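Asks: Take a look at the letters that make up each chain.
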Amino acid sequence: MLTASVQAADGCAVARIGAVGGSMTAADDGRRVRDRRGSIAMCALVALVALAGCAGTSDPAAAPSPTPVTPAEGSVPATAAEVLAGIAELGLGEAELIAYLRERAASEGPVTLYTISGAEDTQAWVEVFRTEFPEVDLRFVALGNDEVVERVTAEARAGRQVVDVIQSTAPPLAALINEGLLAPHSGALVPEGLPERYVGTHEVTHRIAPVVIPRFASVPAEDAPQGWDDFLEPEHAGCVFSVAPTWVTALVDERGEDGAAAWFEGFLANGGTMAQSSGAQLRRLLAGEIDCVVQSNAHTLRRLVVEDGAPLDWVIPTRSYATATSVAVHRDTPRTHAAALVALWLASPSGAQVIADLGDLPTHPDVMLTDERLRPWLDPSSPESQRTAIIDMERSIEVEQIVFRLIETYVTPNLIAE
Amino acid sequence: MRRTRTELVLALALGALLVYLIVVPVSTIVWGSLGTTPTGIPGPRTLAHYRTALSAPTFVGSIRTTIAFAGGVTVVATLLGGYLAWVTERTDAPGRRLVYLLVLVPIVVPGILTTIAWILVLHERIGIANGLLAAIGASRPRFDAYTLPAMVWVEGFDSLTLPFLLIAAALRTMDPAVEEASVLSGASTSRTAFRITLPLVLPAVSAAALLVFVRAIGSFAVPAAMGLPGGVRVLATEVFLAARRFPSDSNLAAAYAVLHLALAAVVLALHQRITRHGDRFVTIGARVAHNGRIALRRTRTVHAASALAILGVAVVLPLVVIVVSSLLPRPMPPTELDPSLFTLRRYAWALESVVARRALVNNVVVGGLASVVTVVIAAIVAWVSTRSRLRWRRLLDILATAPIALPGTVLGLALLWWYLIVPLPIYATRWLVGIAFVTAFLPYAVRAAAALLGQLSPALEEASAMSGAGWSRTFARIVLPLVAPGLIAAWLYVVARTFTSLALPALLAGPGGEMLPSVVYDLYESARYSELNALGVLMIGGMLAIAGLARLSAILADRWSGLVHDPSTSGERGATPTGIARQERTAE
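Protein sequences, first through last, are from chains A and B.
At position 245 of the first sequence (counting the first as 1) the number is 455 in my numbering, and the numbers step up by one without a gap.
At position 185 of the second sequence (counting the first as 1) the number is 193 in my numbering, and the numbers step up by one without a gap.
For the record, the hints were derived by calculation from the structure and aren't laboratory data.
This structure is a prediction, so every number in the text was calculated from the model and none was measured.
Backbone N, C-alpha and C define an ideal beta-carbon position, used for all residues, glycine too.
Any given hint could be a false lead.
[Said to hold, decoys possible] Here's a subset of chain A near chain B, in silico, CB distances under 8 Å, partners left out:
id : residue
1  : 350
2  : 372
3  : 403
4  : 405
5  : 409
6  : 465
7  : 466
8  : 469
9  : 493
10 : 496
11 : 623
12 : 625
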């Protein structure tokens, strides 16, 4: 009898095909041999499928490292947090720090980023990064907000970590901080000149997106809804909110749990609906399916207006908030220097310029925005900036449970998938 | 005795493989649904998630809607697919080749593109259909894209290929002499079709209908894009929302997935019961070499026009919308369409995009290899279940067909969790997507292979065995060459599905492992609809070109071998004693 068995050895599956209990001898006739060939072929197929798994190890992009972090210097502590703390203690300037990180990152192998940005957008800045740091092999997986939390958490619990650095908005990162999965950076990731408001304990914000209300260019700005309460008025009935946990956090931040719940009830009673994908809602708006969308994807909106000539414009609400996209290093990354380099570069003037070129709002004050209409928004003294709440990590963590309750009660049952 | 032992070894090896591919992930989901901790983490078991799912205010409604949706889709797809199969297989209506070509197109069109195209056609305010009605004086809109009937319409059209192929195969194997006898007795064409033809192929029709029903239960693109905005929620969208909720609750998502699976499994079990008896029925004419299409006479043109009209609406109309959308610089209302804005800029983008190129390479490599593995496994499963004398051989067939009841989201979650737990370095590699493809598309390949083998006389294999050839030699030298054209067609079908299957690559891809469906989803989420449509058109064109080349090579191979006589060109059927021509067209 022939068997095919698969066993794990040193992290790699080994397929073994063997003859067990058979009594085939040279005297057996040819037909029996041929019959057995068929069996062997089948068993080989089974083994082939098992070996396909082994083939995965030849894919350097995805193979999780089985070994714990190996610090570049023998005396440096092993955890990412301690490595980052050690780097911070060196007190290097930005240029020296980048040189220090890139020297050590080169030997750490491919570094993997989980990002909530789309694949096309991420690919654009990753290509610039690779040009600047050809010795660092940066790869990415584009995921949704919820998928980032799910996958990072699942990997950590299963001990199969692939991710090294995470780019997401505040609530998902807050959830990961609560799980203890992000390494505190101790200031190692903060580029020179980055305003304090964009620096958290575990993450550094490199991109922000204001909430905007797209409107057709032919509609005067004053006729568009201007703030939360306008969406409860009959003339703005049926508006679509592109839901992100961030804006629920903003609502709670401004009105508390009861006030936020009252707003939700009023919004739904006014025929409002909630959607996941702001991009999909912009398509519906442009196609004329809906008249009103509230969303924080200024980047997509700007692309549609500036590059595609869409007859749209936008207003920044009277009481606004911003979704901050931050970057953080995973607690268990064995590639701390490479991960830190990615995080630092994204928030630095070089990275910020690429972000701005892509049409987003970077947080570094040395970088000029490409879109003048959004420029005042980043100036701390401007009225737009004054009336805007940036949802930072600390606040997200504080109100996390309230936000979860509101999402469970009002968002999930009324969500449309697009 | 020797043969039985070979069969036993084959069956055991296949059984182990299928258990690993199918039972293990399903068990992972079931286990996860009972857990209080994320899958793979030890913790107490509970039924609380089922209680939560069953007591959700939307749950009962979503079950009812799911059944109504799947039932409606089944009726639309089976009626239309059956009618088209009858026209192409049993009548002398002109344009049958064109019907054959058009009816296969939905396989290669990503569902999300078709759905968006139909929204633009059926939308209450901006839709083309209501615009046309208004132009001829209708006082109010008659169509609304975000309703259950519209969902049934779109999914029904998108699903008609499957019943077409299954019913066409049954009609092809039917003995036409009984129809001729009916006609000679004075019965009309319609009376013959309903009183003679339909009862003969009823088991195949029922089986096709149940498969459509199962697929509709798992359908996602239409319920998500058309159902949710209109408040029409089905089980597939409940699973999706449970899986995508924030904060995530994977155990609750698993409970929804198991309930979804249970509903699909009941229908699938019914299907297995019907096909167990139906196979005997529909193979009546497998050995018959007979010439016989129903001469429609005056109604030839009517039926040809009807068939083409159905496909014009179901297939060509959404394709035209997709192509036009790909030429626009941005989404715009159909009523404001301005041809002067047409541009090929999006095609240039699609050809230059680094991500799209990487995804294409991944798709070709992983999808191509997975399709080969799928078809090879399917051929052997089909051989064991149709040829072996093992008492439990049908179990393999049932096992291999079971994944048809697994919605992509459920299978994706199951594999994600399983490969996080097991110490195999497959998680986050592109091979995980490959394994998912094999599991997901095995049922279709098995059904195609079983149909092919069902029409192949066992006498040939018996002759080979009597001449001293072993199983492997007989399988490789006799069986495979005879069913090769059909298996190539099955391979193409699986390849096409790997290019259009959205959920699996989106859930399972690792770094650098994007596939074209992931890119399609990314473009959809980023409001890059012109790029999305341009990429879609290129994908459709590429798949049709591959299918055309495969078809051409099959024809050339047939001519070279001189064995095959194509009945569609001569109007004759089964001109060869082994029925090879029928096999070729079965999987076409």
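Asks: So which hints don't hold here, by number, going up?
Replies: 3, 4, 5, 6, 7, 8
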